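There are 2 protein chains.
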Amino acid sequence: MDRDQVEELRSLQDTLYFIGGKWRIPIMNSICNGNRRFREIERSIPGITTRMLSRELKDMEANKLLKRNVYPDTPVLVEYEPTEHCRSFGGIISEMINWGRIHRDIVVRKENK
Amino acid sequence: MDRDQVEELRSLQDTLYFIGGKWRIPIMNSICNGNRRFREIERSIPGITTRMLSRELKDMEANKLLKRNVYPDTPVLVEYEPTEHCRSFGGIISEMINWGRIHRDIVVRKENK
Chain Y
492 MDRDQVEELR
502 SLQDTLYFIG
512 GKWRIPIMNS
522 ICNGNRRFRE
532 IERSIPGITT
542 RMLSRELKDM
552 EANKLLKRNV
562 YPDTPVLVEY
572 EPTEHCRSFG
582 GIISEMINWG
592 RIHRDIVVRK
602 ENK
Chain H
492 MDRDQVEELR
502 SLQDTLYFIG
512 GKWRIPIMNS
522 ICNGNRRFRE
532 IERSIPGITT
542 RMLSRELKDM
552 EANKLLKRNV
562 YPDTPVLVEY
572 EPTEHCRSFG
582 GIISEMINWG
592 RIHRDIVVRK
602 ENK
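Heads up: the protein sequence lines correspond to chains Y and H, in order. My numbering applies: residue 492 is where the first sequence begins, and numbers increase by one. My numbering applies: residue 492 is where the second sequence begins, and numbers increase by one.
Bear in mind the hints are in silico, worked out from the structure with no lab data behind them. Being a predicted model, the structure only gives us computed values, none of them experimental. One should not assume that every hint holds.
Same chains, same label: a pair holds when it works inside one copy or across any pair of copies.
Subject to a maximum C-alpha distance of 20 Å in a straight line, what follows is the list of computed SDA-like cross-link-like pairs (lysine to any residue) [stated by the list, open to error]:
#, residue 1, residue 2
1, 513, 496
2, 549, 498
3, 558, 572
4, 555, 592
My request is simple: use the sequences and hints to build the entire structure.
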């Protein structure tokens, strides 16, 4: 077998570690959907706290997933912009959305039997 | 906008909830890679405990992700087989592996600067 399954598992676990937690991917999804300002992102994700969002955004900036743009207006305007790296995860997010729909259908069908 | 972002977020969060925990996806990956017996799966995932694997396999069977086949030989042979539903997640896993590779490269590059 040509595939290196140990290396594959390591890359997979890197990704899983990276997207760990329940908020990271919904935030990436929100920003890729066009939400740019803190309150916009916060409002688009029911249940997230200001503190969690603030921490995640800081982490994501350090990990080059987004750029924080500060416009020196009055009041100061701060916008979060997804990097190419963040956008490259978009396909996975779309597939997860589809899979979630199908999985729900399958579980519901099972429960009705 | 035609897309229903609330429904999309719900489907996304269903998937995230479903794959929650660090072991579910590595187990799906292992079984889709052809590992069928408990010990094979266990050996393919460094760090997983017998107890965790056992619990996950039971959950996954209940969620129609795998079929548990029992062959009444002596000793009894038990094999786990992925369902179509499990295989349908395979594309997402492959993309996660690729993304993990790229993400590692990007983070490493940053650290070396």
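First find the shortest C-alpha distance between residue 513 and residue 496 inside one copy, then the shortest across copies, and answer within, between, both or neither for a cut-off of 20 Å. So residue 513 and residue 496 pass the 20 Å test across copies only (17 Å; inside, 27 Å).
When no copy is specified for residue 555 and residue 592, does a C-alpha distance of 20 Å or less occur within a copy, between copies, both, or neither? Intra 30 Å, inter 15 Å, cutoff 20 Å: inter-copy only.
Given identical chains, is residue 558 near residue 572, meaning Cα to Cα at most 20 Å, within a copy, between copies, both, or neither? The answer is within: 5 Å in one copy meets 20 Å, while 44 Å across copies does not.
How would you classify residue 549 and residue 498 at a CA-CA limit of 20 Å: within, between, both, or neither? neither (29 Å within a copy, 27 Å between copies)
The structure fails to meet hint 2 from the earlier list, while all remaining hints are met.
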